[in-house]
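Chemist: Here are the chains, one letter per residue:
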Amino acid sequence: GAGVSQSPRYKVAKRGQDVALRCDPISGHVSLFWYQQALGQGPEFLTYFQNEAQLDKSGLPSDRFFAERPEGSVSTLKIQRTQQEDSAVYLCASSLLVGATNTGELFFGEGSRLTVL
Amino acid sequence: QKEVEQNSGPLSVPEGAIASLNCTYSDRVSQSFFWYRQYSGKSPELIMSIYSNGDKEDGRFTAQLNKASQYVSLLIRDSQPSDSATYLCAVIGGGYNKLIFGAGTRLAVHP
Numbered sequence: 001g002a003g004v005s006q007s008p009r010y011k012v013a014k015r016g017q018d019v020a021l022r023c024d025p026i027s028g029h030v031s032l033f034w035y036q037q038a039l040g041q042g043p044e045f046l047t048y049f050q051n052e053a054q055l056d057k058s059g060l061p062s063d064r065f066f067a068e069r070p071e072g073s074v075s076t077l078k079i080q081r082t083q084q085e086d087s088a089v090y091l092c093a094s095s096l097l098v099g100a101t102n103t104g105e106l107f108f109g110e111g112s113r114l115t116v117l
Numbered sequence: 118q119k120e121v122e123q124n125s126g127p128l129s130v131p132e133g134a135i136a137s138l139n140c141t142y143s144d145r146v147s148q149s150f151f152w153y154r155q156y157s158g159k160s161p162e163l164i165m166s167i168y169s170n171g172d173k174e175d176g177r178f179t180a181q182l183n184k185a186s187q188y189v190s191l192l193i194r195d196s197q198p199s200d201s202a203t204y205l206c207a208v209i210g211g212g213y214n215k216l217i218f219g220a221g222t223r224l225a226v227h228p
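Protein chains in written order, with this note's numbering: chain A, 1 to 117; chain B, 118 to 228.
Worth flagging that the hints you see were computed from the coordinates, not collected in a lab.
Predicted, not measured: the structure shown is a model, and the values here were computed from it.
Worth double-checking, as some hints may not be accurate.
[What the hints assert, rightly or not] Lysine-lysine pairs mimicking DSSO-like chemistry, simulated, CA-CA at most 30 Å apart:
| # | chain 1 | residue 1 | chain 2 | residue 2 |
| --- | --- | --- | --- | --- |
| 1 | A | 57 | A | 11 |
| 2 | B | 119 | B | 159 |
| 3 | B | 119 | A | 78 |
| 4 | A | 78 | A | 11 |
| 5 | A | 57 | B | 119 |
| 6 | A | 14 | A | 57 |
| 7 | A | 14 | B | 159 |
| 8 | A | 11 | B | 159 |
| 9 | B | 119 | B | 184 |
| 10 | B | 159 | A | 78 |
| 11 | B | 173 | B | 119 |
| 12 | A | 78 | A | 57 |
| 13 | A | 57 | B | 159 |
| 14 | B | 173 | B | 159 |
| 15 | B | 173 | B | 184 |
| 16 | A | 14 | A | 78 |
Kindly generate the complete structure, drawing on both the sequences and the hints.
Modeler: Here's what the structure looks like:
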């Protein structure tokens, strides 16, 4: 497709369950970011991939969060033993070049809304 | 102190008025500043970027930057109901040119 695709769009999990969120970036985009957006807040940085290399994971809130991009295209964000505070929209964004560059243009997917009961 | 601060709003303006959205940032070395618009339930989209002190105009939108005061603003002239959205201020910061966002200001334009 032409844009960034994320799935599932909505996920309801019971506390303690593991979840996996998928991001399919724009073809050929080098950079891939994951952000977490809580209700009424701006997106908070989680992690950054340049091709298959995870170069920055400073925003991951705990070791229950894990992300991978093994072939430099599709990425998966996994959350183990989900907690209620993990409820948020998880946004994936990609850009053609390294990082957001000075154009600041990240192409965002529609997000995966996670609700933990 | 958060790196990017915005008033959460809501900012309510009548149709046709000028909406003024403000943002401050903490990192003095920041060079690149952006405004993203996010409709309810949708993903953010880039609407303006600014790199130099002063004003930058694009249609009904004007971005203003004052690096000495560490202040960025967005003016929307002739506001329309379709402009009702959350406006996110963002700067490039940290390693790997990641975007750091403020909490966003919700704008409501009423007919």
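Chemist: For residue 57/A and residue 159/B, compute the direct alpha-carbon distance and say whether it is at most 30 Å.
Modeler: Cα-Cα ~25 Å, so holds.
Chemist: Holds or violated: are the alpha carbons of residue 14/A and residue 57/A at most 30 Å from each other?
Modeler: holds, 26 Å
Chemist: Verify the proposed pairing of residue 173/B with residue 119/B, using a straight-line Cα cut of 30 Å.
Modeler: holds, 26 Å
Chemist: Taking only the CA atoms, is the gap from residue 14/A to residue 159/B under or equal to 30 Å?
Modeler: holds, 25 Å
Chemist: Does the alpha-carbon distance linking residue 57/A and residue 11/A stay inside the 30 Å limit?
Modeler: Holds - the C-alpha atoms of residue 11/A and residue 57/A are around 23 Å apart, at most 30 Å.
Chemist: Would you mind confirming whether the straight-line C-alpha gap from residue 159/B to residue 78/A stays at or under 30 Å?
Modeler: holds, 22 Å
Chemist: Taking only the CA atoms, is the gap from residue 119/B to residue 78/A under or equal to 30 Å?
Modeler: holds, 27 Å
Chemist: Below or equal to 30 Å on CA atoms is what counts here, so check residue 11/A against residue 159/B.
Modeler: holds, 16 Å
Chemist: Could you grab the alpha-carbon distance between residue 173/B and residue 159/B and see if it respects the 30 Å cut-off?
Modeler: holds, 26 Å
Chemist: Holds or violated: residue 14/A and residue 78/A, Cα atoms, limit 30 Å.
Modeler: Since the Cα atoms of residue 14/A and residue 78/A sit roughly 15 Å apart, the hinted pair holds (cutoff 30 Å).
Chemist: Hey, residue 57/A versus residue 119/B, does the alpha-carbon distance stay inside 30 Å?
Modeler: Measuring from Cα to Cα gives roughly 19 Å; hence the hint holds.
Chemist: What's the verdict on residue 78/A and residue 11/A, does the C-alpha distance respect the 30 Å limit or exceed it?
Modeler: Since the Cα atoms of residue 78/A and residue 11/A sit roughly 13 Å apart, the hinted pair holds (cutoff 30 Å).
Of the hints listed earlier, there is not a single one the structure fails to meet.
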